[in-house]
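S.K.: Here are the chains, one letter per residue:
There are 2 protein chains.
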Amino acid sequence: VKAVAASARRVVHVAVDESGYDAHIGAGVLAELGTRIMALAPLGPVVIVTNPTVRALYGAAVESSLAGCGIGARIVEIPDGEQYKTLETLELIFDAALSSGADRSSVIVALGGGVVGDLAGFAAASLFRGVRLYMVPTTLLAQVDSSVGGKTGVNRPHGKNLVGAFHQPRGVLADTSTLATLSDREYRAGLAEVVKYGVILDKDLFDLLERESERVLARDEALLVEIVERCIAIKARVVERDEREAGLRRLLNFGHTVGHAIEKVTGYTRFLHGEAVAMGMVAAAKLSEQLGACESGVASRIERLLQALELPATISGDLGRQSLVDAVAFDKKVSGDKVIFVVVERIGHCVQREIDRGLIATAL
Amino acid sequence: VKAVAASARRVVHVAVDESGYDAHIGAGVLAELGTRIMALAPLGPVVIVTNPTVRALYGAAVESSLAGCGIGARIVEIPDGEQYKTLETLELIFDAALSSGADRSSVIVALGGGVVGDLAGFAAASLFRGVRLYMVPTTLLAQVDSSVGGKTGVNRPHGKNLVGAFHQPRGVLADTSTLATLSDREYRAGLAEVVKYGVILDKDLFDLLERESERVLARDEALLVEIVERCIAIKARVVERDEREAGLRRLLNFGHTVGHAIEKVTGYTRFLHGEAVAMGMVAAAKLSEQLGACESGVASRIERLLQALELPATISGDLGRQSLVDAVAFDKKVSGDKVIFVVVERIGHCVQREIDRGLIATAL
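Protein chains in written order, with this note's numbering: chain A, 1 to 364; chain B, 1 to 364.
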């Protein structure tokens, strides 16, 4: 196991369930996977869910880390892309796991981005009514958001993540050196969720992103470790207080109600999730201004930061306002004609409001 | 709402989660469904999952009970039979629920037997990562077993119930008058699970079944209320202490390791679940005798009771011993080469033992 310099390594504890779990953040922590899994003492085989791109980059390192600890692994490749976040892909994982002799003691490892994590997580939640899950997120989005918190799921024709489970992982390895291989577009999409944490709960983070936007875009390694740690720590504190999204956790949906609608209307192919969230955040901030929740200028400050990070901030006119409004109606945060919407009061402070769905039409 | 005589009505509280839930047992309690659902205050539509046979018998009564309380319902018909306990059928439920405007406040009602309950339950566990579930079991098997305890799931080609979730219902209405419409075969299959409760935890129940086997077969209504109440009460006490099947709950699998193997080898079509469990219980009792766990004669006493209840007790020679042994290996209670097997020490008292899979070959 390659040692990771103590200075470049952070651990965030997530206190959910009885024992909670640790997220390890740093350049090179991927090499520790064997040790981490060994600590879980699986009897059955370890099932690694990944996609062809990620496997080509890290498959060998992961297998050798596990083999070095005497752990046999079965790699399950699933196709890459949001459009494959389906029950059909889930069946691939179930059947590969069952065919390789997985049992209740087995561990499923999610090696990849958000799609891999959501699918592997739902598979782990459901196989034998629940086996253990270990998250190895390799995209910025997955490191700062989806790998922590236990949300798993698949899409339906009616919308995103409409079917799934809450299933907390037993640990997270966020290796920031994997971020170097992301395309610019995918990396920036992850930054949208980082901006979100700043807006909802951490003004200092927002200020840091404004101040250091160039170093952020250049993927400065030390800065990345700090940013990922900060985001995971925020998410951990939110999830600890509200695991099942009964209240506080909804703040994490800032920008997502409209973001999901944008993704849906464009068939989940035109925009990356983070890009849709970027546009959704500006729409949500504009609506907050219209509602008088915050002073004017907040939306344009968020818009400027997103633009500095080379993210889309304006909803393209060709999307069709009415189809966006209709798509919002199918969002799972909607109850009846009311939408629980996250409004910004000031940078670093958001609140939830139950608003009329019609008001969203105005903001779009 | 038609009143149910207080004397003919029992309530068993199941103390799981924060608030727990009640199982209402009696002839005619189905008419109370509207009142029960109203108490859950759903905003979205109620989704009733059922099959064509059960719908023809009780669909109108259920809809009128709900309508009488001002509750709109969408009935989703799924095909009848264990072979339809699949992810594909689950999709039918998801899409019917989503198309009818279900939201997080919606309630899914399972109206039918074990297949309906397992599918509706898994759908409720997964839709929006969890909506509320209400159980209206209309078979003896479902009333005494699957409607209480929160196990849900679907089959895979590798075996039964390999994919699912733990999801407790918000209530159970076990209307014993619905048992009058069951075929003799289905009714008797349910009795196998009743015998199981007697063997594992309730000698008095076992004695009662021996003494009153003719009244049991004649479906004496007062006796049925007593039997169903007694079984639900046993199951409730077990599930309360071990919701996730970490220990005690495994006792409920008495007869099921071999029973599942029999079902699998025969393609889930030749035997009803209860019939397979009946044969599995005798095999388990014989193995218990061979292990010296109980004195000889216990297996034949169980066999005699099952025969008096007109259930199969002997595994037909044409099933193939080796294929049964192989099927046991895929049972989800298996870890490595060991099987956690429930052995009987005496009628009314069973224990778990980790035994070598090879020993099962001997017993078959």
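Treat the hints as calculated values from the structure; they're not laboratory data. Hints may be right or wrong, so weigh each one.
Stated by the list, open to error - Which residues of chain A face chain B? A partial, calculated answer using Cβ under 8 Å:
#	residue
1	Arg129
2	Gly153
3	Asp207
4	Arg211
5	Gln352
6	Ala361
7	Leu364
Claimed, not checked - Reference listing, derived: stretches of chain B covered by chain A, where coverage requires no fewer than 3 residues with Cβ under 8 Å from a Cβ of chain A:
#	segment
8	124-131
9	163-169
10	262-272
All C-beta atoms, glycine included, are put in the ideal place defined by N, C-alpha and C.
S.K.: Indicate, hint by hint, whether the structure satisfies it.
M.R.: How the hints compare with the structure:
1. Restraint check, Arg129(A) versus chain B: the minimum CB separation of about 5 Å is within 8 Å; hint holds.
2. Against a cut-off of 8 Å between C-beta atoms, the interface hint on Gly153(A) holds, since the closest Cβ of chain B lies about 6 Å away.
3. The beta carbon of Asp207(A) is not positioned within 8 Å of any beta carbon in chain B (closest approach about 34 Å), and the interface hint is therefore violated.
4. Given hint, Arg211(A) at the interface with chain B, is violated; its Cβ is 38 Å from that chain's nearest Cβ, farther than 8 Å.
5. Given the 8 Å rule on beta carbons, the hint for Gln352(A) is violated: about 14 Å separates it from the nearest Cβ of chain B.
6. The restraint placing Ala361(A) at the interface with chain B is violated, with a minimum CB-CB distance near 19 Å, outside the 8 Å limit.
7. With a cut of 8 Å, the hint placing Leu364(A) at the interface with chain B is violated, because the nearest CB-to-CB distance is about 21 Å.
8. Closer than 8 Å: that is the beta-carbon criterion, and the segment 124-131 of chain B has 6 residues meeting it against chain A, so the requirement of 3 holds.
9. With 4 residues having a beta carbon nearer than 8 Å to a beta carbon of chain A, the segment 163-169 of chain B meets the requirement of three or more and the stated coverage holds.
10. Taking a C-beta to C-beta cut-off of 8 Å, the segment 262-272 of chain B contributes 0 residues in contact with chain A, too few for the three needed, and the coverage statement is violated.
Hint compliance for this structure: hints 3, 4, 5, 6, 7, 10 are broken, all remaining hints hold.
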